[in-house]
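Generate coordinates for the entire structure from the input sequences, incorporating the hints supplied.
Each chain, letter by letter, is given below.
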Amino acid sequence: MLRIARCLKNSNPGLLSLVCFLLVCLPLASATAAVEKQSNSTADHTKFEELQQEFDSAPEVTKACLGCHTEASKQIHKTTHWNWKFTHPATNQELGKKKVVNSFCGSIITNYARCTSCHIGYGWKDDSFDFASEVNVDCLACHDTTDTYRKFPTDAGHPAYVDKPFPPKKGKIWKAPDLTHVAQNVGKTRRQNCGNCHFLGGGGDGVKHGDLDSSMYNPSKELDVHMGVDGLNFVCTECHTTDGHDVKGSRYTTVAKDTHGIDIPGRDDESRATCESCHGLKPHTETINNKINDHTDKVACQTCHIPYYAKGGIPSKTWWDWSTAGRMDADGKHIKKKDENGYVTYVTKKGSFEWGENLIPEYDWLSGDIRYQELDQKLDPNAIVPINTFNGSYDDPDARIWPFKIMRGKQPYDKGNNTLVITHLFGKDSEAYWKSFDWNRAIKAAMDAAGADYSGEYGFIETTYHWPLSHMVAPKAEALGCDSCHSRDGRLANLTGFYMPGRDRNELLDIIGWLAVLGTLGGVSLHGLARIAMRGRRKD
Amino acid sequence: MAKVMMYKRFERLWHWSQAFLIISMLITGFEIHGTLTLFGFEQAVDLHITFAWTLIGLWIFAIFWHLTTGEWKQYIPSSANKLMAMAKYYGVDIFLGGGHPFHKTREHKLNPLQRMAYLSLHVLISPAVWLSGLLYLFYTSWDAWGLGWLSLGAIALIHTAAAFAMLTFLVAHLYLAITTSKEPFGYVKAMITGYEEE
Numbered sequence: 001m002l003r004i005a006r007c008l009k010n011s012n013p014g015l016l017s018l019v020c021f022l023l024v025c026l027p028l029a030s031a032t033a034a035v036e037k038q039s040n041s042t043a044d045h046t047k048f049e050e051l052q053q054e055f056d057s058a059p060e061v062t063k064a065c066l067g068c069h070t071e072a073s074k075q076i077h078k079t080t081h082w083n084w085k086f087t088h089p090a091t092n093q094e095l096g097k098k099k100v101v102n103s104f105c106g107s108i109i110t111n112y113a114r115c116t117s118c119h120i121g122y123g124w125k126d127d128s129f130d131f132a133s134e135v136n137v138d139c140l141a142c143h144d145t146t147d148t149y150r151k152f153p154t155d156a157g158h159p160a161y162v163d164k165p166f167p168p169k170k171g172k173i174w175k176a177p178d179l180t181h182v183a184q185n186v187g188k189t190r191r192q193n194c195g196n197c198h199f200l201g202g203g204g205d206g207v208k209h210g211d212l213d214s215s216m217y218n219p220s221k222e223l224d225v226h227m228g229v230d231g232l233n234f235v236c237t238e239c240h241t242t243d244g245h246d247v248k249g250s251r252y253t254t255v256a257k258d259t260h261g262i263d264i265p266g267r268d269d270e271s272r273a274t275c276e277s278c279h280g281l282k283p284h285t286e287t288i289n290n291k292i293n294d295h296t297d298k299v300a301c302q303t304c305h306i307p308y309y310a311k312g313g314i315p316s317k318t319w320w321d322w323s324t325a326g327r328m329d330a331d332g333k334h335i336k337k338k339d340e341n342g343y344v345t346y347v348t349k350k351g352s353f354e355w356g357e358n359l360i361p362e363y364d365w366l367s368g369d370i371r372y373q374e375l376d377q378k379l380d381p382n383a384i385v386p387i388n389t390f391n392g393s394y395d396d397p398d399a400r401i402w403p404f405k406i407m408r409g410k411q412p413y414d415k416g417n418n419t420l421v422i423t424h425l426f427g428k429d430s431e432a433y434w435k436s437f438d439w440n441r442a443i444k445a446a447m448d449a450a451g452a453d454y455s456g457e458y459g460f461i462e463t464t465y466h467w468p469l470s471h472m473v474a475p476k477a478e479a480l481g482c483d484s485c486h487s488r489d490g491r492l493a494n495l496t497g498f499y500m501p502g503r504d505r506n507e508l509l510d511i512i513g514w515l516a517v518l519g520t521l522g523g524v525s526l527h528g529l530a531r532i533a534m535r536g537r538r539k540d
Numbered sequence: 001m002a003k004v005m006m007y008k009r010f011e012r013l014w015h016w017s018q019a020f021l022i023i024s025m026l027i028t029g030f031e032i033h034g035t036l037t038l039f040g041f042e043q044a045v046d047l048h049i050t051f052a053w054t055l056i057g058l059w060i061f062a063i064f065w066h067l068t069t070g071e072w073k074q075y076i077p078s079s080a081n082k083l084m085a086m087a088k089y090y091g092v093d094i095f096l097g098g099g100h101p102f103h104k105t106r107e108h109k110l111n112p113l114q115r116m117a118y119l120s121l122h123v124l125i126s127p128a129v130w131l132s133g134l135l136y137l138f139y140t141s142w143d144a145w146g147l148g149w150l151s152l153g154a155i156a157l158i159h160t161a162a163a164f165a166m167l168t169f170l171v172a173h174l175y176l177a178i179t180t181s182k183e184p185f186g187y188v189k190a191m192i193t194g195y196e197e198e
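These protein sequence lines map, in sequence, to chains H and A.
Going by the UniProt record's numbering, the first residue of the first sequence is number 1, and it counts up by one from there.
Going by the UniProt record's numbering, the first residue of the second sequence is number 1, and it counts up by one from there.
In short, the hints are calculated from the structure, not lab data.
Treat the hints loosely; a few may be bogus.
[To be verified] Here are some of the chain A residues that sit facing chain H, going by a computed Cβ distance under 10 angstroms: (1) 35; (2) 46; (3) 90; (4) 147; (5) 151; (6) 152; (7) 153; (8) 161; (9) 175.
[Said to hold, decoys possible] Not the full set, but computed from the structure, chain H residues with beta-carbon under 7 angstroms of chain A: (10) 165; (11) 166; (12) 285; (13) 288; (14) 294; (15) 483; (16) 528.
Using N, Cα and C, we set each Cβ at its ideal position, and we do this for glycine too.
Right, here's the structure in full:
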């Protein structure tokens with residue numbers, strides 16, 4: 001809350017006018033979005049014989065797709081979207097959701113059916129999932145254009161096949177999609193398809209990324225100058241180009257500094273996931289003062305052009321403290337607390353949260369070489385543990401200053417072994433934390449399943465998790481001015497190892513310099529006064 | 001005593017435009033340094049760079065002028081004795097009376113102290129400002145120029161030190177130029193009209 005207040009206090013008058021502008025524009029924007037773009041596809045899927053049938057399950061739809069798109073599943077099988085496994089080319093670390101321990105719900109291991117509701121497949125409910133199955137690829141998650149196809153939150157990637165309540169016991173009904181209608185209306189991937197998982201990652205709207213949340217389904221150009229429906233109206237794949245279903249722009253291999261520049265179709269690698277891919281290496285108009293272009297060697301475009309994040313009206317989670325989870329009220333019932341903004345600040349199953357809107361990013365040097373704290377890696381129990389770290393400094397020619405959302409919180413760790421742990425949260429069995437609220441059992445169950453060593457003694461440790469920001473790029477008039485950093489207490493006050501005009505100075509030189517100037521001024525003043533005093537006695 | 005054309009048209013143009021540019025660059029420079037806030041950092045940098053290139057252009061003309069007219073000889077240092085005489089004048093005689101030890105003529109416009117001060121300005125302070133300033137401006141090209149071993153902090157330190165020296169010079173210069181002429185603002189008038197008693 002303090003951070004929001006600080007943001008609002010520091011915000012320029014432009015922010016207020018921006019909010020007013022948005023209020024006026026939103027109805028306009030949704031009107032624009034409502035105008036359906038005429039499809040220019042050469043295929044009308046409503047006319048396809050294969051799709052004139054009732055589908056009992058989603059894999060049957062995939063089977064029909066594969067009748068024509070014979071290679072589609074084989075392509076998907078090679079991607080991180082399918083395998084949730086990524087071998088970092090520089091560090092050889094085994095990453096991806098299958099491996100990484102995060103500071104949200106920890107790990108997918110033993111929690112599959114819940115987590116894999118965002119897997120582009122069907123049926124990954126335990127570690128016996130067949131990654132070679134072609135019919136278990138979910139074509140619809142990415143190609144539905146009806147906005148009626150949603151994967152059910154707890155069915156391992158399947159949609160609901162009959163209407164059923166969700167969340168359980170809340171009286172709300174989750175509608176089963178009409179698979180025939182959905183299959184006959186497939187098309188190119190839109191913001192909605194990507195957003196259904198990437199905007200809601202980490203268990204809810206705006207939880208994980210600070211620059212991706214449901215406000216980006218139909219953003220205004222004030223929110224995102226590229227994706228604004230009242231502007232360029234980019235979909236995600238405009239930049240995250242695909243090559244045989246492989247999507248470019250993975251966070252695990254962030255290109256911190258693109259020295260290649262504009263990617264020309266047919267000649268280059270067809271990846272447009274960096275700003276330079278379209279804007280080139282000297283994006284600003286050259287004047288006598290070419291200093292802004294000079295900055296591109298050390299400062300990422302995002303640093304100036306994403307002045308705030310979580311600015312679309314949806315807060316981003318900034319603090320998640322698992323150590324307070326498990327409290328019940330006097331009647332033994334679950335507790336849920338909200339703050340004055342209606343943001344959830346406590347739930348029994350997950351612990352305490354903090355949220356923020358219009359947040360100022362934090363900045364650090366990034367060379368792209370991101371490493372993760374692995375499950376068997378020792379940690380320092382007396383320090384804050386970084387979930388991910390990366391190389392980069394002023395002296396590193398491959399590094400630039402990047403903006404980050406830093407997720408902070410407390411999560412369980414192994415006090416005996418000094419390692420992170422993973423936890424069995426979700427499941428109908430009594431080992432699951434969300435059934436027993438017994439950390440020891442939940443940790444043991446997950447660690448056993450992962451084949452990891454657990455000493456039997458757990459504690460809670462504070463962690464940080466850096467999320468580089470690349471979305472919610474502001475219109476150029478809103479980009480940061482020089483003074484934001486080139487000032488005594490600017491946004492880069494914490495970065496060290498280099499001299500920055502306006503921020504840095506040699507204090508000794510300043511003292512000597514001003515002594516010389518003021519000393520001379522004092523000297524000539526005295527000299528002048530003495531001349532005036534002696535005027536009468538002077539023999540001219 | 002007759003009034004003569006002491007400062008020719010180009011010399012006056014050079015003096016006053018240089019005065020404007022140097023004072024403007026001191027102001028914008030100390031804004032970039034973080035000492036004061038006036039234009040905002042970006043505009044201060046814009047102005048500082050624009051003024052710098054203008055002054056470089058002016059200096060090219062001024063060097064050419066000094067060389068072709070022989071005016072550069074005005075800065076040849078005087079002997080130590082003459083310097084001491086000037087020091088005695090500013091230290092003693094200016095209070096008690098006793099007249100200026102040197103006679104200003106068209107051929108010898110500068111007294112021994114001025115010769116030394118302006119020579120220092122031209123061969124020490126100004127080159128330090130130029131060199132460090134140009135390096136500062138083109139720091140992204142250092143690697144390409146084989147100067148990758150330089151540090152921006154050190155260059156900034158030299159540039160700032162030279163700026164302090166310039167400001168110190170300016171304070172002393174203004175005092176002497178404004179107050180030491182026989183009639184009030186005599187030297188200032190001479191630098192505007194060009195005419196001064198010889």
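Numbered hints the structure breaks, given as an ascending list: 4, 10, 11 and 12
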